[in-house]
Amino acid sequence: MPLIEDGRPAEDSWTSIPDGEPVPGDIPAIISFERWQAERDSFAGRNTKLGVRLKGGTLAPAIADDLDRFALVAVEFPKFRDGRGFSTARELRERYGYEGEIRAVGHVIPDQYLFLKRTGFTSVEAPEGTNLESWANALSEVSVVYQPGIAKDDPNPLINRWLKPQAAQG
Amino acid sequence: MNAPAFRADSGIPGSGIFGSEPDSNAGIYRYDDLDRRFVAERVEQFSNQVARRLSGELTEEEFKPLRLMNGLYLQLHAYMLRIAVPYGVLTTTQFRKLSEIGRKYDKGYGHFTTRQNLQFNWIRLEDTPAILGELAEVDMHALQTSGNCVRNVTTDQFVGASADEIVDGRVYAEILRQWTIAHPEFTYLPRKFKIAIMGSDSDRAAIRTHDVGVIAKRNEAGEIGFTFYVGGGLGRSPFVGKLVREWVPEQDFAAYLEAILRVYNQYGRRDNIYKARIKILVHQLGIDKFKAEVEAEFDRLPRPKFTLAHEIVEGIRARFAMPPLETLPADSTTFESHKAGNAEFARWATVNLAAHKTPGYAIVSVSLKPAGGIPGDITSEQMDTLTDLADRYSFGEIRVTHAQNLVLAHVRKDDLFDLWRQLDAIGLATANIGLIGDIIACPGLDYCALANARSIPLAQAISARFADPARQQAIGELGIKISGCINACGHHHVGHIGILGVDKRGEERYQITIGGDATLTTAIGDIIGPAVTEEEAVDAIDTMVEVYLANRTDGERFIDTIRRIGHGPFKEKIYAAD
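Top to bottom, those sequences are chains A and B. For what it's worth, my numbering labels the leading residue of the first sequence as -7, then goes sequentially. For what it's worth, my numbering labels the leading residue of the second sequence as 2, then goes sequentially.
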């Protein structure tokens, strides 16, 4: 499935390992949250990057204490209409200060890409057969935003546009 | 290190000033170039979404929420386009455009809704991009009038004018309008989310029937703060909103809402559409647990990022400056002498006017409920004339009420008689605001694919039965609300008399409730007996009115009499007649 970063297809350095299959020690690997819970001790001496995949119903607090073990958190959207993942990513960033990669996986559509970026996602594993051009357009279609988002380079929130510069330093 | 609260963007022209300067019109928030750019980009985005649907790139399942978030519904016979009227306030330029669209793309009329919006019920899909383009010309759109997002924020239709106002709710409704537009985290909520704000002690916005209801108030120091109610709602499981916090300081207004939305987005049910509203979450968690979750989230939200800077609030407040009213005596001799000389005008003045905060002015409610008419409908011809009248008499502003009427908020008492005559000439001088003829009704089975029964013909039959304005006035305050199905778009649960359309083996029947109340003393009405036919429903209402008139004490309203004598006498009389 195509990986998208900054609106463009990107090389995926990660490998998703299905539950029950051995986890290679020499390549960056994504395991399920359930596997992490069951087998966490077996990863104690691992020196290669590890990622974890959260199902839609698994919210940020569930993984909070272990975030320093993961270079990537994949957040699953069971249906694109299920917006819990937006809060999960935002909490990972804002509440827990997570700075690793947050990847959207599952059913996501280009029309959500800007929201994904603005809540803290860094990459998207788009569904097979997706139109890459739509993902490329999605970040520039709407250039005006009205409320604070997560990213440091988030466009200036519109509601703040009346603030005088000195107030903005606040 | 804290991130700066707000970053100024030096690229935005006119820092510290937004929109055009206040003019001779009423203080209305006016779009600036960025607002316009946003709407233009959204129109373009939607055109692309339509094209991607047509090419098959988007499935129907994927396209539907995108279409809904652009206000486009598929009804029984045609597409319906629901146009956003933020907190119900329109300029006459916008009103004129709505009239034009009604004439050009619909059947020459429009329909005002209980969310202070306007619906066109006969739209062709292929016309929608053009309509959205025309709306954008007057800074209007149909965004977030549907879908599982934060909907149009509603408020008191007398906001900024009413004598009893403590805080101007438009300021905070506008802040929320901006804060919730295309919100990255809360656009795919479990279900729709409706917010109402009220800034006086009398509740004209049905605060406790909303997902979030806010009362803006002042403390002893004169500071502004907000009481938050959460989890109110009608539909198949009606709940009265519960108090979640008595005082939220102004600077935390957006943050507190953000906390509520985040708790809801994470924990609201997504397994069953009928249990997905926040009222069910509040009910299942219990208000104490829910409140603890919200407070914890609120404490954690990074500051000052989510702090609402005072300058922003004041900047927006400046946009709602009072229009240039004259200094006038409180009483108008012209007005008084016309009342003395014309009984019809006197009745209209008694029933349809509300007290303005400025001496010599009045707030005029324009009833869209003529006897035998369709609640909330207005023809393009009526709209054109009303637009001229609003320009002449009320600073170019027209408001929409959640009771599906219109308001001219700042009319000189000296002008009332002239205004009334001209309203009367176009059939808009019905004297029944708050009376039995002022019926709220959903579109029902005449339009809606969800409905079990028609609402409109019943509303027409009731208002025809009680057509006599003198009788209506004698009966006094009595709110009838009609929904064509359990989704309760006509708010029947909180009608003094509520009527719910049901389907009984293929026949349309109506279930009657009494004792509902949409104000802060919110109450859900009780069902009084088996569902009846349309004709029987009209008779039953007549009977209830007779029981009330026979039992009321001096000055007692219908709802007060019900509370005092109970439902028994009403039920007995209706069903004894069989």
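Calculated directly from the structure, the hints in this document are not laboratory data. Predicted, not measured: the structure shown is a model, and the values here were computed from it. Treat the hints with care, as some may be off.
Just some of the chain A residues that point at chain B, by a computed CB distance under 7 Å [said to hold, decoys possible]:
{"hint": "1", "residue": "Arg0"}
{"hint": "2", "residue": "Leu64"}
{"hint": "3", "residue": "Asp74"}
{"hint": "4", "residue": "Gly75"}
{"hint": "5", "residue": "Ser79"}
{"hint": "6", "residue": "Thr114"}
{"hint": "7", "residue": "Ser132"}
{"hint": "8", "residue": "Pro140"}
{"hint": "9", "residue": "Gly141"}
Idealized CB from N, CA, C, for every residue including glycine.
Comparing the hints with the structure gives:
1. The criterion of a C-beta within 7 Å of any C-beta in chain B is not met by arginine 0/A, whose closest approach is roughly 18 Å, and the hint is violated.
2. The interface hint given for leucine 64/A is violated, since its Cβ lies 21 Å from the closest Cβ of chain B, which is over the 7 Å cut-off.
3. Residue-level restraint check for aspartate 74/A holds (minimum Cβ-Cβ distance to chain B is 6 Å; threshold 7 Å).
4. With its C-beta approaching chain B no nearer than about 3 Å, glycine 75/A sits inside the 7 Å limit, and its interface hint holds.
5. Annotation: interface hint on serine 79/A holds; nearest CB of chain B at approximately 5 Å, less than 7 Å.
6. Below 7 Å, beta-carbon pairs count as interface contacts, and threonine 114/A has none with chain B, the closest being about 14 Å; its hint is therefore violated.
7. Because the smallest distance between the Cβ of serine 132/A and any Cβ of chain B comes to about 9 Å, over 7 Å, the interface hint for this residue is violated.
8. The closest approach between the C-beta of proline 140/A and any C-beta of chain B is roughly 5 Å, which is under the 7 Å cut-off, so the hint is satisfied.
9. Interface hint status for glycine 141/A: upheld, as the beta-carbon distance to the closest one in chain B is roughly 6 Å, under 7 Å.
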